[in-house]
Structures are given as C-alpha cells and as structure tokens.
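J.: Turn these sequences into a full structure, and let the hints steer you where they fit.
There are 2 protein chains.
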Amino acid sequence: MKSKLVLAAALLAAPALAADTAKPPTPGEIVATAPAGDWIAIPANDLLVMTLAPDAAGKARAIVIQLIPKPYSSAWTANIRTLASARWWDGLAVVRSQDNYVVQWGDPDAEDKAKARALPAGLMATTESDYVYRSRFGPKHGFEIKRTPVLKDLYAPHASFEAGFPIAKGEQWGVSWPVHCYGAVGVGRNLSPDAGTGAELYTVIGHAPRHLDRNIAVVGRVIEGIEHLSTLPRGTEALGFYATPAERTRIVSIRLASELPAAEQPKFEYLSTDSETFARYANARANRQDDFFIVPAGGADVCNIPVPVRRVTADK
Amino acid sequence: MKSKLVLAAALLAAPALAADTAKPPTPGEIVATAPAGDWIAIPANDLLVMTLAPDAAGKARAIVIQLIPKPYSSAWTANIRTLASARWWDGLAVVRSQDNYVVQWGDPDAEDKAKARALPAGLMATTESDYVYRSRFGPKHGFEIKRTPVLKDLYAPHASFEAGFPIAKGEQWGVSWPVHCYGAVGVGRNLSPDAGTGAELYTVIGHAPRHLDRNIAVVGRVIEGIEHLSTLPRGTEALGFYATPAERTRIVSIRLASELPAAEQPKFEYLSTDSETFARYANARANRQDDFFIVPAGGADVCNIPVPVRRVTADK
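As you go down the protein sequences, you meet chains E and X in turn. Numbering-wise (the numbering used here), the first sequence opens with residue 1031 and increments by one. Numbering-wise (the numbering used here), the second sequence opens with residue 1031 and increments by one.
None of these hints come from the bench; they were simulated from the model.
Identical chains share a label here; the pair holds if one copy fits it or two copies do between them.
No farther apart than 20 Å at their CA atoms in a straight line, the calculated lysine to aspartate or glutamate pairs in the DMTMM-like style are these:
1) K1089 x E1277
2) K1089 x E1267
3) K1089 x D1129
4) K1182 x E1201
5) K1100 x E1192
6) K1053 x D1321
7) K1100 x E1299
T.: Now the structure itself:
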C-alpha cells in the first residue's frame, strides 16, 4: 500500500508541468519557473556563517543566517557585525534548546560578571522603541505600485513582506515590524528596558511565537542548515537550558560572509517579495491545488508562506 | 550581563503570585492554580505509548499520544486501536523527518507489495468525507452555555476547542474539524480518494501546516516525549525520507495504555477547554502581561494556545 504523505514542498525541485495540462502549478513549480530577474542577491555583508563543532559522527555543521536589512533592527544588526568581526562568539556555545520554541546561543557565563566574556568596543546602544519601525516619510502617492501580497493577520492589522522578510503592518501608515516565524533570529535580553546587545541570539524552532513580536528585536533568519539547531537535544532545565556544560554544543566560529576569503563566501538569492512570481506563489500556498489536496485553505498566515531562498552555486 | 531569553512557558511550575500584588497572573500561574475539578482524566483507551529504540547514549525513548475523541476521526482511531492491539507497528520504523514539517512512521516497505507487512483483520473503511464532522443534530437552544473561547482564524470562519482539542468551525452550525497544530498526529495517505488506514502516521514538528486541515485525518496529538521525534536527524531524500534503512529509527512497540499492565499505564489529564480557568488561560496567552512583555499581542491563533496537559503521578 502506497501511503506516504505525498506533499509538494516549497522549493522542492519539481518538474514544471507542460503548458497543455489543466492543472494549476504548485507553489514549488511557480518558484522553479521564476524569471532570473525575480531573484535578488543577498549582500555578503548580510550573511553570517555559523559553524558548530562537528556532530557525533564527525559531520560538519554550518548554518547560514541572513541579517534583516534596514530599516529594521539596525542597531542590533550593526552590533552583530561588530561581534562577528571581533570573533566574539568563537568558542562559546548553544546554551538552550526548548521544544516547539527556541534554540539560543551566546556566552554560557553571561550572567557571571567575573567569568563573562568582555564585549568588543563599538557596540551601539539599543532601545526597545526600535522593535517597531516608524517611517518619517509620508506615503508616496501615485507612483508606488507594489504587487506584494497583503494578508489578514491575527497579531497585527495586516501582514506583508518587505525586502524578502515577513513584516507586520500597524494601523498607521509606515508603522511596521518584523515577525517571529519559524527560523527567525532574535536577540535575547533581560527585562525591559534592556533591549539586548545582539550577543545572545536565538532562533525559532516551532510554531511561530508571534506574541514575541514588538517585544524582542528580530534581526534575521536562518536560510540554510537550521536542522543543525532544530535537532539539538532539548535542554532539561527550565526553559530548555542545558543542565550541564557537557550538553552544550560548541560554536567554532561565527563569521560575516564578507569577511571570508572570496572562494569561501556562500552566495544566496531570495525571490523578490514584490514580484508577480511571489504573488502567484503566495496565492498558491493559500489555495493549494496540488494533486494531494482536496480542499484549498483559502488563506494562509504570513509564517506559512516562507520566502523562497536559494543558494547560488558556482556553475549557475 | 544577564540576557537569557526569560519567558514564562505554559505549564512551567511557577509559584502563584500573592493575592496582594497588582500583577496579573501569567498563563502558567493560571494553570497551576486551576481547581482540581477543571482537570479531566484521559481514558487509558485513548492513550498510545510508543517506544523507540534507545538513543545513541542508550537512553529510553517513550512517546505518549492522545487519540482524539469522538465524533472526530472515529474510523481511523478505531483502526489505530486495532493496529496497536495486533502489535502491528512493533519492529517497524520512523521513515521520514522533514524540518519544519513532519516526522512520519510506519512500514518502510509499505509500497512494496511483496515485502509489506500485512494489515490486521478488522480495519474499518475510511472516507475523506470524514475529515470534517457534520452534526446530525440541531443546535441546543437555551441550555448549552459554554465558556469555551471562540477565536478568529485565518483558515476557517472560527476556531475553538472541543474536548481539549483545537477545532476549526465551519460557517454552518455543527460543521467542524480538528486542526494541524504542533504535535498533531495525522494519517498518511495516498492520493484522493484514498484516506489512509491509520497505519502510516505522522506528527507535526514545525509551524502549524493548517493547509492540511480537511485534507488529512487528524487522529490525536503527542502529549509527552515529542522531543524524541522532533530532534531526530532530518532525512536527506525528498520530503525528508531517510536515504538508507540504517538512518531510520526502530519502533520497539506501540501499545494502548489500556492494554498495558495496570502499574505501567501512564495517566494524564487535560485542562477542560470549557472551564473558566481555560478561558482565563487563553486570554492570558493572547495578552501576555508577564514581566518580560512590553506589548501584548491582543490575539492568538488557535495553535498558539496549547491545551494544558499534565501527567498524573502516583502521589497525587
């Protein structure tokens, strides 16, 4: 009996359907046939390469994080670049893994002043008011036509996408904030008004904890290798912290791709969220008509429309 | 610098606040102080105990699944009881782990008629029309007052809870269906009109794939030990299937709790989703006022209000 759960995964390399079939294309097929011009290169200065100690079988573990572009979380992302340039994370560890929530890394001794690793010079001050971006410019009239999907949302008046990131929209024009979807990277902090430096980071490994939006800085997202974080053993202490140092996973290094030798710099592109292709892709995610589906949902939440990202290989 | 991501986890044993403080209780505090009568025992006949082969360190791996009660998915849950009684899963395997999606188990040879394990006698026929429940009875007028929260939803007219499970509500009275939240257990199937027997099962290990609602039978949820599934290495084949048999994790056994010796039967309770306590808990999840939070979300999706479940220990 053939009863695999057959599902078209986004970005799964699926052959494009011949034009003469009646079937609507799947989300993966729409992405696979996007014009080259719909793909936007991610600057090397926005990519962090995180290398964990090899796994038990000796296999390398590399994770690539895309930092969120301006105007979001700018002070924190500047600090993260400073910390990476200073090699501040090297030799530190993944300290926490809480099921259906987050994996967190940084300095295990952060709370012990005598042992904590000193932060590098030049970090910017951060403030919780910057969790939300408020444009100082009025709306452009008449000449800004975007095809970016605008979605209903349960945590904000609307949700949409900007520069490839899922974004919540406030009631007022120009008020928006990045949201916590699976793979989002955020900044650990102490109680308010502390807003964190960017030294303690986490990524989401479960259902989108959207209640964290506007309460923590979202600074990026994992675009490759998240399985090296999401499959780490869960910590057994409160909030998923590891009970003993031996349970932690060592961070070998975190580097900006722009500071790696040219030949080692990974290259990635995302599908323009303002493109017609993305609008069709989002619509297909919200109304699945793959062979597998009987009833299309007729909607999707912003975290169920992952922005397609692809690695650019040398032969492309 | 103390910058752990301090978050009140639901069900974390947090001390109740003294009545004279001005702070509203956290979701965890509300649950911790629920009256005993708000907890409902889960019948042993609704509990499945799944035992995987020990992990690399020799540690036991047990998972407890609660089957969804009637009127939902009744043919499939009946079949699952038949399969467990027949010890059908014993020696089979976890065959698939796809990041941010599902882990699936069953017969690795299901697609090979010559090798596939024969199904036990007595399985019920299943039909896709039963993915949705349609009550044959009209609404009760005047004497059915429930406090169960009714939530806005992006995949259905409304969402709510029934008998401790998250449920979507159709436009017509009496039309409802169980939803795919983190930890939901569903039935793998072939293309429509096949609806699966219940022999191939999966659980959600990522953001709620709500587009699967009404397209697959939801038969229960993992209530303990999901970390033994969610941390399994991801498969490297399409859809997260394992490339080689050696990568699969062996299922030692799957048993109904009611068929275990009395002393070995695990006991669980869930917080009545019709109780005032649950309504307060859901409201606190949607409007977090823990010390950590600055801006309450003002809403929550049905999958971000996990129904509290607790193990009942002998000394209780």
